[in-house]
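If you read the protein sequences in the order shown, they are chains L and E.
With this note's numbering, letter number 132 in the first sequence gets 132, and the count goes up by one each step, no holes.
With this note's numbering, letter number 159 in the second sequence gets 159, and the count goes up by one each step, no holes.
Since the hints were derived computationally from the structure, they do not count as laboratory data.
We put the beta carbon where it would ideally sit given N, CA and C, even for glycine.
Be a bit skeptical, because a hint or two may be false.
Claimed, not checked - Below, in silico cross-link-like pairs of lysine-lysine (DSBU-like), each with a Cα-Cα straight-line distance of 35 Å or less:
#1 E/LYS225 with L/LYS225
#2 E/LYS186 with L/LYS225
#3 E/LYS186 with E/LYS225
#4 E/LYS225 with L/LYS186
#5 E/LYS93 with E/LYS186
#6 L/LYS186 with L/LYS225
#7 L/LYS93 with L/LYS186
#8 L/LYS10 with E/LYS10
Claimed, not checked - Okay, the calculated bits of chain E under chain L, using three or more residues with CB under 8 Å as the criterion:
#9 221 to 235
#10 249 to 259
#11 268 to 276
Said to hold, decoys possible - Over the 10 Å line for every Cβ pair with chain L, so calculated as not near, a few chain E residues:
#12 GLY28
#13 VAL77
#14 GLU84
#15 ARG92
#16 PRO101
#17 ARG136
#18 HIS149
#19 ARG310
2 protein chains.
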Amino acid sequence: MSQLFSQSLKVVNAGLNSFAANVQQAGGTVQPLNWQPPVQGDVAAGLDLAQLLRHPLVERANQQAFQRYLDAQPALVDVLPASEAIPAMAGRKLILHAGPPIAWGEMCGPVQGAIIGAMLFEGWAESHEAALRLVRDGAVELQPCHHYHAVGPMAGIISPSMPLWVVENQANGQRSFSNMNEGLGKVLRFGANSPEVLQRLHWMRQELAPALRAGVRILGPLELKPLMAQALHMGDEVHNRNAAATGLLLKRLVPALLSSGLPLDQLQRVCAFMANNDHFFLNLSMAACKAMMDAAANVPFSSMVTVMARNGVNFGIRLSGTGDTWFQIWVTARLPKLRE
Amino acid sequence: MSQLFSQSLKVVNAGLNSFAANVQQAGGTVQPLNWQPPVQGDVAAGLDLAQLLRHPLVERANQQAFQRYLDAQPALVDVLPASEAIPAMAGRKLILHAGPPIAWGEMCGPVQGAIIGAMLFEGWAESHEAALRLVRDGAVELQPCHHYHAVGPMAGIISPSMPLWVVENQANGQRSFSNMNEGLGKVLRFGANSPEVLQRLHWMRQELAPALRAGVRILGPLELKPLMAQALHMGDEVHNRNAAATGLLLKRLVPALLSSGLPLDQLQRVCAFMANNDHFFLNLSMAACKAMMDAAANVPFSSMVTVMARNGVNFGIRLSGTGDTWFQIWVTARLPKLRE
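Using the sequences and the hints given, assemble the complete structure.
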């Protein structure tokens with residue numbers, strides 16, 4: 001049948017896939033489109049929705065929110081313990097986690113494991129079992145990072161004494177926060193909580209963070225957009241490829257660290273830790289992006305999505321105009337629970 | 001006239017440009033080709049040349065030379081004073097320069113200026129005038145870097161006490177050498193020889209080189225091909241863009257330097273010097289390329305070009321099969337001479 005066509009066909013097929021098969025048999029190329037009418041086919045509700053999306057109030061609000069996002073100038077300004085960076089964490093057994101709110105019993109195993117690890121790290125319990133009892137008894141508060149301008153990779157666990165990158169949007173003074181990258185292998189962010197994981201976290205709190213704080217304070221505010229822009233040109237996407245950004249950060253940080261007056265053996269361990277982890281910049285890019293997205297938040301009537309986050313069970317978004325409300329639009333296949 | 005063509009024309013025009021103009025007027029696209037018959041139109045000589053180029057001996061020799069080039073594994077193995085790296089320089093007033101051989105009187109101003117600077121740096125003369133008299137009197141030997149497996153950017157000046165990168169082709173044990181990058185601004189490689197230029201060279205000899213030697217010896221042989229390959233993927237061309245390669249080198253060198261036992265204040269200055277010069281890797285890539293090209297040299301009958309170099313006046317090449325012979329195929333418009 002292909003001779004019927006005077007030239008090769010490229011077809012978009014919206015609807016039943018069997019229509020696509022016919023075109024393919026006849027020698028055409030088909031791009032199937034998984035489409036369904038909006039609002040499950042409720043025409044009146046669909047027209048209402050369309051009206052809302054193109055409403056002048058919404059359009060103006062979105063332009064304003066997007067402009068605030070573009071105007072954001074995230075700069076690395078400090079390194080602080082979480083309880084200082086986020087005063088609400090001081091003196092409380094509060095642990096922050098990735099994604100939208102979720103109760104302990106609903107959490108996936110890796111997030112639960114990371115929370116147990118953070119409790120052991122904080123000294124709130126002496127053993128895995130004791131920590132488990134405490135958290136089951138409700139003695140530990142669990143809240144999303146996003147409720148405190150914070151982010152963290154994977155499980156995203158932040159406990160009060162963990163050191164945080166402090167990023168400030170120099171356009172509005174708002175600060176955002178992220179924990180620090182532990183490297184690859186067994187790490188808290190994937191739910192590991194063995195002694196080697198906790199030992200590394202202790203070292204990061206005791207040696208890495210004070211050195212970075214000293215270095216960052218010597219550097220002064222370090223604008224992150226130009227650094228990330230250069231890294232993007234160098235092949236990073238600043239998520240899973242951070243080799244260039246980490247190198248550019250090191251070029252700035254190392255001379256500052258060396259003039260910090262800290263002991264040479266500490267600087268050796270700190271520089272080796274950073275130089276051996278191409279992902280070291282990741283958490284800083286997350287905090288920078290958080291600062292930029294938070295700049296767009298809370299513009300009345302704006303439908304701009306300012307948060308997309310998951311906790312291993314639920315995926316949620318927040319819109320600028322609806323403030324702190326979470327919309328949980330997906331429930332994923334659940335990861336295995338913590339073995340008990 | 002364009003309606004005469006059933007489709008748009010794309011024409012290659014070899015010969016008089018006026019033919020091209022006609023096609024352009026008629027709506028066609030022309031790529032002019034600046035072509036002339038080989039050997040100035042001597043048909044017999046042209047055929048001889050063609051025979052030679054496709055001679056089985058030449059073809060086999062070229063394959064062998066090219067394979068040696070591909071097999072080369074340049075590794076940074078040491079940092080040494082030129083007089084140790086190149087024993088022929090010890091105890092002689094010998095200065096190496098860029099490009100093919102050239103007498104003092106024929107040299108361009110920047111190369112002459114850099115030679116005067118190197119003589120002052122070596123302490124062979126107390127003043128610019130005294131240095132000029134010495135070199136005019138023939139008291140200083142001037143030879144190409146390429147005669148000693150060495151390279152250097154721009155004027156390419158190497159004098160006996162300058163520190164050199166030592167790169168070894170681990171496939172054949174042959175070493176190649178380059179001086180070190182001074183950064184931007186007033187620098188010897190562009191012919192500057194003012195006190196600030198000489199002061200920097202003294203610092204590089206006294207502080208930078210010993211630190212790099214210590215760091216390189218701690219690191220052990222550092223293979224340069226993988227590092228350069230990664231830098232190429234990160235947007236460097238490892239000539240005028242070396243930001244990625246310099247960063248990758250720093251990631252390796254800094255931890256080694258910090259464990260060298262050298263004084264912290266020296267390490268501060270050394271790390272700051274490297275971190276502030278995105279071109280720092282350049283000279284190392286030059287030495288690595290020299291090692292790879294030298295691997296292909298001296299294969300009898302090979303017509304592979306193993307050296308292309310200029311000294312500001314002449315441009316010369318060397319072929320593998322013709323060994324040390326220079327073919328000077330271009331005389332450039334001359335740069336201004338040194339003011340006297």
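Satisfaction of hint between L/LYS225 and E/LYS225, Cα-Cα up to 35 Å
Roughly 31 Å between the alpha carbons, so the hint for E/LYS225 and L/LYS225 holds.
Would you check the hint for E/LYS186 and E/LYS225, treating anything up to 35 Å between C-alpha atoms as holding?
Holds. E/LYS186 to E/LYS225 sits at ~31 Å (cutoff 35 Å).
Assertion that chain L covers the stretch 249 to 259 of chain E - criterion: three or more residues, beta-carbon distance below 8 Å:
holds (count 7)
State whether the coverage of the stretch 221 to 235 of chain E by chain L holds or is violated, taking the criterion as 3 or more residues with Cβ-Cβ distances under 8 Å.
holds (count 4)
Is the claim that E/HIS149 lies outside the interface with chain L correct, judged by CB distances over 10 Å?
With a cut-off of 10 Å, E/HIS149 remains clear of chain L, as the shortest Cβ separation is near 30 Å.
Restraint status (C-alpha distance of L/LYS10 to E/LYS10 at most 35 Å)
holds, 29 Å
Least C-beta distance between E/GLU84 and chain L, which was stated to exceed 10 Å:
holds, 29 Å
Holds or violated: are the alpha carbons of E/LYS186 and L/LYS225 at most 35 Å from each other?
Measuring from Cα to Cα gives roughly 31 Å; hence the hint holds.
Does E/ARG136 really sit off the interface, with its C-beta more than 10 Å from all C-beta atoms of chain L?
Holds, because the least Cβ-Cβ distance between E/ARG136 and chain L comes to about 44 Å, which exceeds 10 Å.
For a C-alpha distance cap of 35 Å, please report whether E/LYS93 and E/LYS186 respect it.
holds, 25 Å
Taking the shortest Cβ-to-Cβ distance between E/GLY28 and chain L, state whether it exceeds 10 Å.
holds, 26 Å
Claimed clearance of chain L by E/ARG310, with the beta carbon kept past 10 Å:
holds, 31 Å
The structure agrees with every numbered hint stated previously.
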